[in-house]
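Chemist: Numbering (the working numbering), first residue to last: 142 to 710.
Worth flagging that the hints you see were computed from the coordinates, not collected in a lab. Because the structure is a prediction, the values reported are computed rather than measured. Among the clues, some could well be false.
As the list claims (entries may be wrong) - Mimicking SDA-like on lysine to any residue, the simulated pairs with C-alpha atoms at most 25 Å apart in a straight line are:
#, residue 1, residue 2
1, Lys-306, Pro-369
2, Lys-210, Glu-227
3, Lys-584, Asp-619
4, Lys-683, Ser-671
5, Lys-407, Asp-486
6, Lys-393, Leu-454
7, Lys-243, Gly-299
8, Lys-260, Gln-421
9, Lys-292, Pro-192
10, Lys-428, Glu-655
11, Lys-574, Leu-143
12, Lys-243, Lys-260
13, Lys-708, Asn-429
14, Lys-292, Leu-341
15, Lys-162, Ser-220
16, Lys-574, Asn-452
17, Lys-407, Met-634
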Amino acid sequence: MLRFTVKLMSETGRLVDHICKRWLVSIRETNPSILDMFRDRDVQPYRDLLPWSGEFAGKHLTSAQAIYKLNGDRELFDSISQFVDELIDLQSEDGYLGCYQKNCRLTGAFSDDPETSGKTWDAWSHYHILYGLFLWYKETRNERYWRAILKAADLFLGQFYSGRKRLISIGSSEMNLAVLHIFAILYQETQDQKYLDFALEIEQDLSHEAAGNYIHHALSGREYYECPKPRWESLHVIMGIAELYTCTGNTKYLQVARQIFYSILKTDVHNTGAFSTDEQAIGHPFKNAAIETCCVVAYNALACQLLRFQNELRIADFLELSFFNAVKGSFSNSGRWSTYNTPMDGERLANYHSIVFQSRPGSPDLNCCSVNAPRGVGLLNEWMIREQDGVVYINYFEDFIAEADSGLRIEVTGGYPGQSRILIRLFSPQSQKIAIRIPQWSKNTTATLNDSQLAPAPGTYLMLNQQWDHDTIYIGFDFAARFLDGDFAYRGMQSLYIGPVLYGYDVSENPAFELTAIPAIPYADIAAASPQAMQDGRLLLKLNCGITLKDFYHLGQSGCQYKTWLKYS
142 MLRFTVKLMS ETGRLVDHIC KRWLVSIRET NPSILDMFRD RDVQPYRDLL PWSGEFAGKH
202 LTSAQAIYKL NGDRELFDSI SQFVDELIDL QSEDGYLGCY QKNCRLTGAF SDDPETSGKT
262 WDAWSHYHIL YGLFLWYKET RNERYWRAIL KAADLFLGQF YSGRKRLISI GSSEMNLAVL
322 HIFAILYQET QDQKYLDFAL EIEQDLSHEA AGNYIHHALS GREYYECPKP RWESLHVIMG
382 IAELYTCTGN TKYLQVARQI FYSILKTDVH NTGAFSTDEQ AIGHPFKNAA IETCCVVAYN
442 ALACQLLRFQ NELRIADFLE LSFFNAVKGS FSNSGRWSTY NTPMDGERLA NYHSIVFQSR
502 PGSPDLNCCS VNAPRGVGLL NEWMIREQDG VVYINYFEDF IAEADSGLRI EVTGGYPGQS
562 RILIRLFSPQ SQKIAIRIPQ WSKNTTATLN DSQLAPAPGT YLMLNQQWDH DTIYIGFDFA
622 ARFLDGDFAY RGMQSLYIGP VLYGYDVSEN PAFELTAIPA IPYADIAAAS PQAMQDGRLL
682 LKLNCGITLK DFYHLGQSGC QYKTWLKYS
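Produce the entire structure from the sequences given, and follow the hints as far as they go.
Modeler: Structural data, given as structure tokens:
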């Protein structure tokens, strides 16, 4: 498997660096309780914690690792390593890595209410911490990190199943059973049967309706929103089910994960490429309710996992749509803050405004989304370039340079997604198969290789195989405007796309118009306009009717209201 080093030379590259410098590297200083809650878990009076407070450290680790894979920042590397070292120092002798007092550990009980289960997501928090630790162990191969992971896993093995209580007994099953994912990974890493046996015991718990019964409902062909537990947290459980396919070779598990992924794609992905309405699937994407960033990240992580199992261009197309709109749109372009809810129409609020109830003394900026949002951006590393069965797949076209340990070098330039024409320059010391994604939306794509005409088809990979000696491939994507029809609350309205970008109306760009009285926009004006890239990264469509439309990432960045569902005529 090839390993790539990436340099992003684009608006996304600036965002990645800003997230790194202005949020990730300073989190221990600006929000000290992210680790101090572990240090004083047995100290009275007990902290006023959330059921999921322990997840913050794990989500931060996962996010920071993902961003590090994109920019290789040395300060970030040192920050993560120091964070991990301190976290491991706070691990209990029995392996516990949570934030609750001793007699509440992995019981579902709060420290101030130790007799009542079903109140905390302690196993869920361990899942995120162990997954983040595993990713950093894979990055560094530091055996101390690996020992800490196995020590925590042994705590679970000694506390659940094999004649002891079942994990489902601690409540909040769609969250706490997510440890299925990390135990399936541990089995793959060690081939130790005890980890697979534990994972299969969790599968038995999942057969209860109270735990979602996802496998039965998916194999029965039911849509995800029809399941008993269609919340977003369950997607981490689904990722665990998918990993059981790798563990066992049983295609049932992959079938379940695919069915759920495509069910959500069919029924519950918004025009921005974001999953969830009020934190779950509801059966349609046309309600302007909360679209939580954590839901977007979880669904996109599932998409990346399935892309790893089966290289399906439709998944890569989805990831591109979501990345340029929902994912980047969940962040301030300063990189300093992200959102809890990034609505289709409305205002872009920082997560610590929308879900201020999660703020605590010592952690004013911490909430489920603030620590998770960088992962959404960092997931780009998992789909932009992929090598599978000797073929290198290029799925991402914003300007970047990538170098593989094989000597392969890929350089993409052209100003995408503001411009439709890109140049791909390739060098390799030996013959290398290259596959270039031709999006389904690009109905009329042109391509040349060293002045030779190629014939790419929409919704396919353009397959090329040769030794590359700084050869150039020009791709011209079809940037004809596309419209998505609304329904329910948005019936009679449409959303506009050019390339992978969703465009909308921003009050700050249109002082001459009232938000409540936007006139119907002529289709002819759209056809006559082309995106203009501004120096600050905005993509603008300046129309003859006097209205200016803007790319979703920049909509509402200044705090003004915006709309993506408009009337066209």
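Chemist: State for each hint whether it applies.
Modeler: These are the hints, each one checked on the structure:
no. : hint              : result
1   : Lys-306 x Pro-369 : holds (23 Å)
2   : Lys-210 x Glu-227 : holds (22 Å)
3   : Lys-584 x Asp-619 : holds (6 Å)
4   : Lys-683 x Ser-671 : holds (8 Å)
5   : Lys-407 x Asp-486 : holds (21 Å)
6   : Lys-393 x Leu-454 : holds (22 Å)
7   : Lys-243 x Gly-299 : holds (15 Å)
8   : Lys-260 x Gln-421 : holds (20 Å)
9   : Lys-292 x Pro-192 : holds (23 Å)
10  : Lys-428 x Glu-655 : holds (23 Å)
11  : Lys-574 x Leu-143 : holds (13 Å)
12  : Lys-243 x Lys-260 : holds (16 Å)
13  : Lys-708 x Asn-429 : holds (17 Å)
14  : Lys-292 x Leu-341 : holds (20 Å)
15  : Lys-162 x Ser-220 : holds (11 Å)
16  : Lys-574 x Asn-452 : holds (15 Å)
17  : Lys-407 x Met-634 : holds (19 Å)
Violated hints are absent here; each numbered hint is respected by the structure.
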